[in-house]
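Visitor: Let the sequences and hints guide you as you build the complete structure.
Residue numbers (this note's numbering), protein chains in the order written: chain B, 1 to 157; chain A, 1 to 518.
Honestly, I wouldn't trust all of these hints.
[What the hints assert, rightly or not] Sample of chain B residues facing chain A (criterion: CB under 10 Å; computed from the structure): (1) 9; (2) 78; (3) 82; (4) 88; (5) 93; (6) 130; (7) 133; (8) 141.
Keep in mind that the hints were calculated from the coordinates and are not lab data.
Ideal Cβ placement from N, Cα and C applies to all residues, glycine included.
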Amino acid sequence: MQQATTDVMATARTIAERWKGAEGPLLPILNALQAELGHVPRETLPVIAETLNLTRAEVYGVVSFYHDYREHPPGRHVLKLCRAEACQAMGGDAVAERLAARLGAGFHETAADGSVTVEPVYCLGLCACAPSAMLDGRVIGRLDEAAIEEIAAEVQR
Amino acid sequence: MTVTVYVPRDSGAKALGADRVADAIGAEIARRGVDARVVRNGSRGLYWLEPMVEVQTANGRVAYGPVRPADVASLFDCGFLAGDQHRLWLGRAEAIPFLQRQTRLTFARCGITDPVSLADYRAHGGLRGLQAALAMTAEEIVATVTESGLRGRGGAGFPTGIKWNTVRETPGAQKYIVCNADEGDSGTFSDRMIMEGDPFVLIEGMAIAGLATGATKGYVYLRSEYPDAAVILDEAMAAARAAGVLGPDILGSGRAFDMEVRIGAGAYVCGEETALLDSLEGKRGQVRAKPPLPAHKGLFGRPTVVNNVISLASVPIILDRGAAFYRDFGMGRSRGTIPIQLAGNVRHGGLFEAAFGMTLGELVDDIGGGTASGRPVKAVQVGGPLGAYFPPALFDTPFDYEAFAAKDGLIGHAGIVVFDDTADMLKQARFAFEFCAVESCGKCTPCRLGSVRGVELLDRLAADVTPQRQLETVTDLCETMKFGSLCALGGFTPYPVMSALTHFPDDFRPRAVPQAAE
Chain B
1 MQQATTDVMA TARTIAERWK GAEGPLLPIL NALQAELGHV PRETLPVIAE TLNLTRAEVY
61 GVVSFYHDYR EHPPGRHVLK LCRAEACQAM GGDAVAERLA ARLGAGFHET AADGSVTVEP
121 VYCLGLCACA PSAMLDGRVI GRLDEAAIEE IAAEVQR
Chain A
1 MTVTVYVPRD SGAKALGADR VADAIGAEIA RRGVDARVVR NGSRGLYWLE PMVEVQTANG
61 RVAYGPVRPA DVASLFDCGF LAGDQHRLWL GRAEAIPFLQ RQTRLTFARC GITDPVSLAD
121 YRAHGGLRGL QAALAMTAEE IVATVTESGL RGRGGAGFPT GIKWNTVRET PGAQKYIVCN
181 ADEGDSGTFS DRMIMEGDPF VLIEGMAIAG LATGATKGYV YLRSEYPDAA VILDEAMAAA
241 RAAGVLGPDI LGSGRAFDME VRIGAGAYVC GEETALLDSL EGKRGQVRAK PPLPAHKGLF
301 GRPTVVNNVI SLASVPIILD RGAAFYRDFG MGRSRGTIPI QLAGNVRHGG LFEAAFGMTL
361 GELVDDIGGG TASGRPVKAV QVGGPLGAYF PPALFDTPFD YEAFAAKDGL IGHAGIVVFD
421 DTADMLKQAR FAFEFCAVES CGKCTPCRLG SVRGVELLDR LAADVTPQRQ LETVTDLCET
481 MKFGSLCALG GFTPYPVMSA LTHFPDDFRP RAVPQAAE
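Guide: Have a look at this one:
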């Protein structure tokens, strides 16, 4: 555990140092950190603040503002499911309910077995092939029963 | 001769299996030992036919779609490399009515070229606008854009040339071109399509904006929901830099312009230009009070152009063909073309670029083919989550900034989301408030609190608690939000709410509450 914490801090420091000289470096740092670790651990915020000469409160304020940043690690897979109007018009709400039952996780939840975290997203720009989702960065359109089963099979593998 | 097969790498096509189709075609080419290659193009925007595969033949590009991996072997068996008949044969791509009826100016190359091949871009008329701009003074470039009548395609419709002129006239050692690629409106995907299908046109447009205003640095603020666009933009920028289109010496002119892509972090409000600037600076994406205008004090307090992707991507053709060419399309004060996006419950969903002036009914019924479900159209929401719901009774409204405003709506970023008769407009109105509550930046009270109160009022209405009073309070709340909010998020949420209330009053009447069986 001690080792893991040290690694996390080292990662945060490396990323922060890399972006330090750029204009507006905070979002690129947080994005890179989350890409690396799957979340933005609270304990890394002082390191980032110190590197950028900001207060911890300023950094925390930014982290807590944006929907993308997670404070805790997600499940092994992340499913972003669109909740916006174009997907609603194609039965998106029913698909969300079906997926929640099938995966054992609703919006903002992680399945008990840690297989998947389901996050709401407001539009993936796939509005002409709704309802849509993104599984671990891969886009999926026209979610039907077969696609739901495919998603379930993939996350539970 | 090597036959070229095109399979889109557009994320809409990928969402429908284009990668697997491309792999299957590649494997089949290898297995059969035929002389053919696969090029990953952008999408033509006919999403009901995606993945749409095209083959270059002596008679033009022949299309097939929608292709599934299981269809690939039979396509080869039927001789699709020569453009021969197959169950999925669509004929010449350009002759498909949905494409033939369009006026593709901004999207002229999208779906035709390899999006990251600069040679392809040049061969299809690319960089001519930038070359023309390099031979002009900044004043002349701005005058051309102003005369073209181009207005901001992000939704506000502010004249692009006037904005550019303000930045040009404002002194500053460092000025910026910021491209707003935070395309958060549901039902819109034109920014995504052009960034994935023809990224060079955006790069060229940004470089021209730099020449016109004296800005040497550009940022594309791209939403995190578009990872595929980020990859393609990066590839295209690298190619542009290698060829001297970007960098310290644009096309050997001695003029400098370079750009980078910055990824957002999932906040709808960052599509508002001042919130976007704060986000780029590394802050919470909160809306700034105006004045000062971003043109005077924008990114890091410096003079900044903030333009939508489509506005910038429309500039190269204006510089190439001249202001009059572009201005001659359109109606009234809405000049040129606009890429309209047909989405939601629509039979022929996709991107349709046309001159302003077609009616909403033509677009939904004729071009879109009505609903995908086959049921009657109940409503269409135009302009994203802050746009009004229009009933078929208003389908004679022409697609034009002023005509939509006159009907208490907005064209926004030109997305049209179609709903069939199963839609519950009370639910849609409630969602508008809920969305505003989720995405509010929290800076102004009408938006931050009004959105939450709106949800509560509509819940009470749905539960039949003094319904008349709830309706009166919602109407009053909408007035407050409309006139008291700092930006369009709180200010325009009343559009979907009030349009639903006005045009679909039956959905807001007390409904039979299901009785418990016990």
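Visitor: Does each hint fit the structure? Answer for all of them.
Guide: Here is how each hint holds up against the structure:
no. : hint : verdict
1   : 9    : 21 Å, violated
2   : 78   : 12 Å, violated
3   : 82   : 8 Å, holds
4   : 88   : 7 Å, holds
5   : 93   : 9 Å, holds
6   : 130  : 6 Å, holds
7   : 133  : 9 Å, holds
8   : 141  : 3 Å, holds
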